[in-house]
Amino acid sequence: MSSGFSVVAIIAAFNEADIIGHVVGDLINQGVHVYFLDDGSTDRTAAAVERYLGRGVVAIERLASPGTGDARHGFEWERILLRKTQLARELDADWFIHHDADEFREGPWSGVPLIDAIRRVDALGFNAIDFAGLDFFPVHDGFRAGDDVREAFTSYAEPASYDRLQIRCWKKTDELDLASSGGHEARFPGRNVFPLRFLLRHYPIRGQAHGERKVFRERQGRFNAQERARGWHVQYDDVREGASFLRDPATLTAYDPEAVRLQLALRHRGVEALEESLRCSTATVEHHRQELARTHAELARTQAELTRTRAELARTLADLRRALQDRLDEIERWRAAVDDQSKRIDALHNSLSWRWTAPARAVYRLLRGR
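Position one of the sequence shown corresponds to residue 1 (my numbering), numbered consecutively onward.
Simulated from the structure, these hints should not be mistaken for laboratory data.
Check the hints yourself; a few may be wrong.
Unchecked claim - For lysine to any residue, the following SDA-like pairs were computed, each having C-alpha atoms within a straight-line distance of at most 20 angstroms:
#1 172 with 100
#2 172 with 124
#3 172 with 119
#4 171 with 209
#5 172 with 188
#6 171 with 260
#7 172 with 82
#8 172 with 87
#9 172 with 183
#10 172 with 151
#11 343 with 331
#12 172 with 123
#13 171 with 94
#14 171 with 193
The task is simple: from the sequences and hints, build the whole structure.
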């Protein structure tokens, strides 16, 4: 590698001889070096890479011998990710790419090689890059090893939701974690992802025979059970024996690089972050609106209850006032009756006294007459 700005793509592969030469060659043409890990391939995958050794490929490392039990039956993705992590710490380069053997990566600016696009990102102060993936599928069975798959298959579909996060390019750091995310993102403290996604063109299946061999013999039978239990290796769960791997062109989108790049510019991570913030704010407003509506309803119920209570209290007060007035009227009647009785008694007393004192008055008159 040169003493200037450098990028290394670390690629692991198992039986990808029909495509790996174009993948490695494209990276080298874009100024990116390659460190290649062969996971026990039984075809000519390693041989296709060897011709680039010393001309962009810095090393070829065999993780397992061809045809060994580990390679054929024990595909351990975490082991590969940990080895890539170790290499990214040890190799002398400025940036690294966690790269697969069946994909092509490009910058978001037309005509700008990948290394220069990454250099721009570095100069702007960012230290990680996300990729927008496009899954290209065969619509015919005419692809042959050595053909450029990008010319053979020109229609794509959006990736599955579990495969959309692709933060797989990062600036060198000793605190790298690839394994915990299953390789979907490079995690490290202080990560600052460039808002504009780069482009990832993925060609997992290249024909009917290739699909049957890859899915049923070289993948499903080799997946590690413990990793499957963690939710990894789900991409072929819905594929059944006898299924056609050739897609109807009407179900795919014709690839237009300029349109795709325009969409990347319009729908970058910053826009998505704003949209997510808006969704969160809208959800918060809706939550508060519902809370306010519930509060209003509760206040209305309380107001209605207060109105009913006030009416009941008014009726009770009116009843009490009527009862009090009745009592006062009754007291007044009793007072009048008592007064009447008092007058009668006084009259009676007066009349008796007069009669009782009549003899005394008569004697008094006689005595005065003498």
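Tested hints:
Proximity of residue 172 to residue 100 is assessed by CA-CA distance (about 19 angstroms); at most 20 angstroms being required, the pair is judged to hold. For the proposed pair residue 172 and residue 124, the alpha carbon gap of about 16 angstroms is at most 20 angstroms, so the pair holds. For the suggested pair residue 172 and residue 119, the alpha carbons sit about 13 angstroms apart, so the restraint of at most 20 angstroms is met. Between residue 171 and residue 209, the direct Cα distance comes to roughly 39 angstroms. Violation of the 20 angstroms bound is thereby established for this hinted pair.
Straight-line distance between C-alpha atoms of residue 172 and residue 188 comes to about 10 angstroms, which keeps the hinted pair within the 20 angstroms bound. Distance check on the hinted pair: residue 171 and residue 260 sit about 26 angstroms apart at the alpha-carbon level, beyond 20 angstroms; violated. Among the hinted pairs, residue 172 with residue 82 is consistent with the structure: their alpha-carbon atoms are about 15 angstroms apart, no more than 20 angstroms. The suggested pairing of residue 172 with residue 87 holds, with an alpha-carbon distance near 11 angstroms, which does not exceed 20 angstroms.
For the hint linking residue 172 to residue 183, the alpha-carbon distance of about 16 angstroms falls within 20 angstroms, and the restraint holds. Between residue 172 and residue 151 the CA atoms are separated by roughly 34 angstroms; this puts the pair beyond 20 angstroms, and the hint is violated. For the suggested pair residue 343 and residue 331, the alpha carbons sit about 18 angstroms apart, so the restraint of at most 20 angstroms is met. A threshold of 20 angstroms between alpha carbons decides the hint, and for residue 172 with residue 123 the separation of about 14 angstroms falls inside it, so the pair holds.
For the hint linking residue 171 to residue 94, the alpha-carbon distance of about 6 angstroms falls within 20 angstroms, and the restraint holds. With a CA separation close to 10 angstroms, the supplied pair residue 171 and residue 193 stays within the 20 angstroms bound.
In terms of the numbered hints stated before, the structure departs from hints 4, 6 and 10, listed from lowest to highest.
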